[in-house]
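Trainee: Each chain, written out:
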Amino acid sequence: MKSLLKHLSPFAPDQSGAVSALFEFGGLIAICDAGGCTGNICGFDEPRWFTRRSAIFSAGLRDMDAILGRDDKLVAKLQAAMDGSGLAFSAIIGTPVPAIIATDFKALKRMAEKRTGLPAITVATTGTRHYDVGASDAWLELFKTFAIEKLPIESGTVGVLGASPLDFPTLDAGNLLSAALRNDGWKTVNSYGMGAGLDAVKMASAAEKNIVVSPAGLAAAKYLQKTFGTPFEVRCPWLPPQLLDALPPLAGKKTLIIHQQFAANAIRDAVLKLDATSQVTVASWFMMEPEFMRENDFRIESEEAFIEAILNGNYDAIVCDSRLRAALPRTQSFNIIDFPHFAVSGRLLDEVQ
Amino acid sequence: MNQAYSITAAELAARGRDDIPSELLSSAHLIYSSPATLAFNSPGAQGFGVKRAGLAVPGSVMLLVAPACCGRNTAALGCEASLAERFFYLMQDDTDIVTGRHLARIPEAVKEVCDSCAKRPSAVMICITCVDALLGTDMERVCRKASDYAGVPVVPCYMYALTREGRLPPMVSVRRSVYSLLQPCEKVPTSVNILGFFSPLRDDTELYTLLKSAGIRTIREISRCATFEEYQAMAEANFNLVLHQEARHAAADLQKRLGIPSIELARLYQTDKIANQYRLLGQAVGAEFDDAPYRERAEKAIADFRTRFGTRMFAVGEWLNADPFELSLSLIRNGFNVSEIFGTVGGSNFVYVKKIAALSPDTKIYSNLSPTMMSYDGRDAACDTVIGRDAMYYHPTLPGVPWNEERQPFGHAGVAALFAALGNALSGKETPR
Chain A
1 MKSLLKHLSP FAPDQSGAVS ALFEFGGLIA ICDAGGCTGN ICGFDEPRWF
51 TRRSAIFSAG LRDMDAILGR DDKLVAKLQA AMDGSGLAFS AIIGTPVPAI
101 IATDFKALKR MAEKRTGLPA ITVATTGTRH YDVGASDAWL ELFKTFAIEK
151 LPIESGTVGV LGASPLDFPT LDAGNLLSAA LRNDGWKTVN SYGMGAGLDA
201 VKMASAAEKN IVVSPAGLAA AKYLQKTFGT PFEVRCPWLP PQLLDALPPL
251 AGKKTLIIHQ QFAANAIRDA VLKLDATSQV TVASWFMMEP EFMRENDFRI
301 ESEEAFIEAI LNGNYDAIVC DSRLRAALPR TQSFNIIDFP HFAVSGRLLD
351 EVQ
Chain B
1001 MNQAYSITAA ELAARGRDDI PSELLSSAHL IYSSPATLAF NSPGAQGFGV
1051 KRAGLAVPGS VMLLVAPACC GRNTAALGCE ASLAERFFYL MQDDTDIVTG
1101 RHLARIPEAV KEVCDSCAKR PSAVMICITC VDALLGTDME RVCRKASDYA
1151 GVPVVPCYMY ALTREGRLPP MVSVRRSVYS LLQPCEKVPT SVNILGFFSP
1201 LRDDTELYTL LKSAGIRTIR EISRCATFEE YQAMAEANFN LVLHQEARHA
1251 AADLQKRLGI PSIELARLYQ TDKIANQYRL LGQAVGAEFD DAPYRERAEK
1301 AIADFRTRFG TRMFAVGEWL NADPFELSLS LIRNGFNVSE IFGTVGGSNF
1351 VYVKKIAALS PDTKIYSNLS PTMMSYDGRD AACDTVIGRD AMYYHPTLPG
1401 VPWNEERQPF GHAGVAALFA ALGNALSGKE TPR
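Here the protein sequences come in this chain order: A and B. Everything in the first sequence is counted per my numbering, starting at 1 for the first residue and increasing by one. Everything in the second sequence is counted per my numbering, starting at 1001 for the first residue and increasing by one.
Simulated from the structure, these hints should not be mistaken for laboratory data. Keep in mind that the hints are not guaranteed to be accurate.
Listed next, the in silico BS3-like pairs over lysine-lysine satisfying Cα-Cα at most 30 Å (straight line) [said to hold, decoys possible]: (1) B:1119 with A:2; (2) A:150 with A:187; (3) A:150 with A:209; (4) A:226 with A:106; (5) A:209 with A:273; (6) A:273 with A:187; (7) A:114 with A:226; (8) B:1145 with A:2; (9) A:2 with B:1111.
A partial selection of chain B residues facing chain A, derived with a Cβ cut-off under 7 Å [claimed, not checked]: (10) 1029; (11) 1030; (12) 1068; (13) 1069; (14) 1074; (15) 1088; (16) 1090; (17) 1091; (18) 1097; (19) 1109; (20) 1112; (21) 1130; (22) 1134; (23) 1162.
For every residue, glycine included, the Cβ atom is placed at its ideal position computed from N, Cα and C.
Working from the sequences, and respecting the hints, build out all of it.
Mentor: In structure tokens:
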């Protein structure tokens, strides 16, 4: 059955992706749930939550709130929490409950802005989709809300779009991506959401170029290109050194890489650089942007499809989060090179080492 | 919101239980999410929530029927391989959550899950969430259909977070679910069940010895049942001892279905109240319990601690195996000081607030869930020792104990164990964080 998981547990959902994108921007994040979704997001999908105090709140919905659609009560609670807090904006993140009762998030945004006098962002996540969908929507809303002024281009300034711990399994990803880009000659690197805050977002139109490091950042990059003419490039300037060290044996072999598409593409490039005759396929459980796919690349639609792809693929090696091994027959051996994907397993590189 | 809201015990007691300030009522504001509140703001995020509790039935597996978001943290719960292998997920998509079409797939999914298990499960627990609460799903009917189709008992577990403050909150409901497979059988007068927790009482709990002294030969707890047969034998009990109020509904159901009456005991830290409770239990079962040696041991542990460490100033949290207000009252009555309590005031524990107010009027009461707790600054607090995992979060540099271990403390032994743990923490032998 396509929707049945017998070996794996569910991956990070869209609401976690939305919170991850907005986490570092100094806003009040209200998750429109009864409490459980917030616990999942904070306790499992947002490793930064354990390291610093953050303004993440549950709406604390109860059955009658959902049945009666008491948006006014939610907005009143939001205002009370915002009052005197010094927070820059509010964000309301959807979950299955508002999805079922068809909450009008546009109306919520207007109500929240009117009541608090500050910008509000709403992301109509449903809890049924993957993290990258929610992150993509949140990035887009963030830039639409705050990157509104066309500024002169600052030479040597580059923006990084799509970085989050869900995509890069280290809390230091922002610094590592920035360092790699500075090595490439960029003077100022704004890694949005992992290092660069709201002021940088407001100045986004001044960037000479944007680098998109995961599919979640692509919609925002396209928006910035359309609105301000900022060009973008899809590439992943940093990969874990231990992973790169493990790649030479894959030269000339048949390899499957499973991760977020742009990181996986970067690994493929590294393998092909070692030996251009290598057969490398990229797959992902998450977004696969057609314009960045090559022949034979595929999206994994289900646990069943994953197992079938591995068993029928005759791969010499599989680069993926090693937790995916749980779905494969125990009686067979597989050459798996571990590349943790937090959205899959909730593991960071630091925990693996 | 630049200062954490608190109220003194005296002020709160003066207002009365019908005038609790809105800052202490979680329904009146957004709920702040911090590591201090993870376990109880989101039941199931850590410890025993519905998902893990539902697997208390030996040999059972769980099929979570929900959007992916509801099953996400189960990966953390299932770090233990034995648990991970018992969780399965039927994921709902956007159309499912609006139309309820997923219900038609459940019987087939149950069968597929059973067929994939190396050993046939004793039961399949179906965990459903807010989605089906709003859809008004008749899950009893769906489970009967799935049971007929797959040939295995199928039991619903309602993880309806939306109903947390309703008549049947999820953790009350799941306790009924896990005992629902017990079938009527002949009663054994010397058998007793302990209901309330999903992990066993500490082995040194005097309750076991006291019950044996009254002629009870078999004491069963669901968490100590290794097999489904052992679990089924719980149906023979002469009476149930309910140690957690969330098990009342399950006990009432067992009385109705199997004719097993129940007696409720509270987990207390005041030794005189514990002794009184044993006296009343003895009267109810027609026995006389001699708890004096255990009480003496507990009181000696308190006295020894006081001698060694003086009258400490405590901060008491609510993420722990105690009612924070009852525990605070116990500390105060034993000559200690309590400067702060992080707790949820309600009808059942307001009586302790009043008693604390009389003895320690300046004790400050905070609500963990208040948005203002984002601004809590513990540097000015007067406390020097903390109890509770949440209190430890607020005071990371102070010695203390989380006191939220899975093995459940109870009775005089629980009091002695608490002070032993505090003694270890203060002497630097153990500072668990």
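Trainee: All hints are to be evaluated individually against the structure, with a verdict given for each.
Mentor: Do the hints match the structure? See the list:
no. : hint             : verdict
1   : B:1119 with A:2  : holds (23 Å)
2   : A:150 with A:187 : holds (21 Å)
3   : A:150 with A:209 : holds (14 Å)
4   : A:226 with A:106 : holds (23 Å)
5   : A:209 with A:273 : holds (25 Å)
6   : A:273 with A:187 : holds (27 Å)
7   : A:114 with A:226 : holds (29 Å)
8   : B:1145 with A:2  : holds (21 Å)
9   : A:2 with B:1111  : holds (14 Å)
10  : 1029             : holds (5 Å)
11  : 1030             : holds (4 Å)
12  : 1068             : holds (4 Å)
13  : 1069             : holds (3 Å)
14  : 1074             : holds (5 Å)
15  : 1088             : holds (6 Å)
16  : 1090             : holds (5 Å)
17  : 1091             : holds (5 Å)
18  : 1097             : holds (5 Å)
19  : 1109             : holds (5 Å)
20  : 1112             : holds (6 Å)
21  : 1130             : holds (5 Å)
22  : 1134             : holds (5 Å)
23  : 1162             : holds (4 Å)
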